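With the hints as constraints, model all of the structure from the sequences given.
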Amino acid sequence: AQRVTQPEKLLSVFKGAPVELKCNYSYSGSPELFWYVQYSRQRLQLLLRHISRESIKGFTADLNKGETSFHLKKPFAQEEDSAMYYCAPAWQAGTALIFGKGTTLSVSS
Amino acid sequence: NAGVTQTPKFRVLKTGQSMTLLCAQDMNHEYMYWYRQDPGMGLRLIHYSVGEGTTAKGEVPDGYNVSRLKKQNFLLGLESAAPSQTSVYFCASSYAAGSYEQYFGPGTRLTVT
Chain P
1 AQRVTQPEKL
11 LSVFKGAPVE
21 LKCNYSYSGS
31 PELFWYVQYS
41 RQRLQLLLRH
51 ISRESIKGFT
61 ADLNKGETSF
71 HLKKPFAQEE
81 DSAMYYCAPA
91 WQAGTALIFG
101 KGTTLSVSS
Chain X
110 NAGVTQTPKF
120 RVLKTGQSMT
130 LLCAQDMNHE
140 YMYWYRQDPG
150 MGLRLIHYSV
160 GEGTTAKGEV
170 PDGYNVSRLK
180 KQNFLLGLES
190 AAPSQTSVYF
200 CASSYAAGSY
210 EQYFGPGTRL
220 TVT
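Line by line, the protein sequences give chains P and X. For the first sequence, counting from 1, position 88 maps to 88 in my numbering; every step adds exactly one. Adding 109 to a residue's 1-based position in the second sequence gives its number in my numbering.
Quick caveat, the hints were computed from the structure, so don't treat them as lab data. For clarity, every value in this text was computed on a predicted model and none was experimentally measured. We treat Cβ as the ideally placed atom computed from N, Cα and C, and that holds for glycine. Do not take every clue at face value.
Rough simulated footprint, nothing fancy, chain P against chain X, three-plus residues with beta-carbon under 8 Å [as the list claims (entries may be wrong)]:
(1) 148-158
(2) 210-216
Listed next, with one range per pair, are the computed distances between beta-carbon atoms [as the list claims (entries may be wrong)]:
(3) P192/X <-> S52/P: 35 to 45 Å
(4) L178/X <-> R41/P: 44 to 54 Å
(5) P192/X <-> K15/P: 36 to 46 Å
(6) E139/X <-> S26/P: 22 to 32 Å
(7) V197/X <-> S30/P: 26 to 36 Å
(8) L178/X <-> G58/P: 12 to 22 Å
(9) V197/X <-> E80/P: 15 to 25 Å
(10) S52/P <-> A165/X: 23 to 33 Å
(11) G58/P <-> S127/X: 39 to 49 Å
Written as structure tokens, this is what we have:
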């Protein structure tokens, strides 16, 4: 069965520090990968997808097929980055995204 | 465009009561989903629909029923609410499956006492 693992429930960093939110997925074909974000009291929204290879709000994510990982990175965290982050692979044969359990990022000054 | 809307925003039920959550989208999306969000459990798929008149079970379907009579609406029903169904419920829609972005509603906070 396809699985996605976000090993950290909570990640606390200081403003200006680098951030890496980890995501690992089980291998079954070639998924497309997404990161969704949920700011406090807001709905989930797409942050970025690996296929577009873009940087959103300073975040990037690289797909590492060898390690089956899709870690989200930002070189300098800002307080407004505090939110819940979900990694979500989409397998081509599947009909729905499978979300990880999420990582809460807390950025303090 | 309103995007994805959910009704109601909050609800408190007593054990055994029933209710229906309504999700509506105005983006002409084929796919719609219902998730529940619980602390430490992330988002779990309850049911989904790949088009008008179709529904399918997700990861945690027990205790819930759904209907998709119109393309723009996806209803989630609880026939006999239980405290374990206390959660935040999110509806989402997408143009198609897999690699397409899902658009989420604002959520419904349900408490069952």
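Going through the hints against the structure:
1. 148-158: Holds: 7 residues of the region 148-158 of chain X have a Cβ under 8 Å from chain P.
2. 210-216: holds (count 6)
3. P192/X <-> S52/P: 35 to 45 Å: holds (42 Å)
4. L178/X <-> R41/P: 44 to 54 Å: With a Cβ separation near 31 Å, L178/X and R41/P fall outside 44 to 54 Å, so the hint is violated.
5. P192/X <-> K15/P: 36 to 46 Å: Roughly 40 Å apart at Cβ, these two residues keep to the hinted range, so it holds.
6. E139/X <-> S26/P: 22 to 32 Å: Holds, at about 27 Å.
7. V197/X <-> S30/P: 26 to 36 Å: Roughly 32 Å apart at Cβ, these two residues keep to the hinted range, so it holds.
8. L178/X <-> G58/P: 12 to 22 Å: Because 44 Å falls outside the window, the suggested range is violated.
9. V197/X <-> E80/P: 15 to 25 Å: With a Cβ separation near 22 Å, V197/X and E80/P satisfy 15 to 25 Å, so the hint holds.
10. S52/P <-> A165/X: 23 to 33 Å: Because 28 Å falls inside the window, the suggested range holds.
11. G58/P <-> S127/X: 39 to 49 Å: Holds, at about 46 Å.
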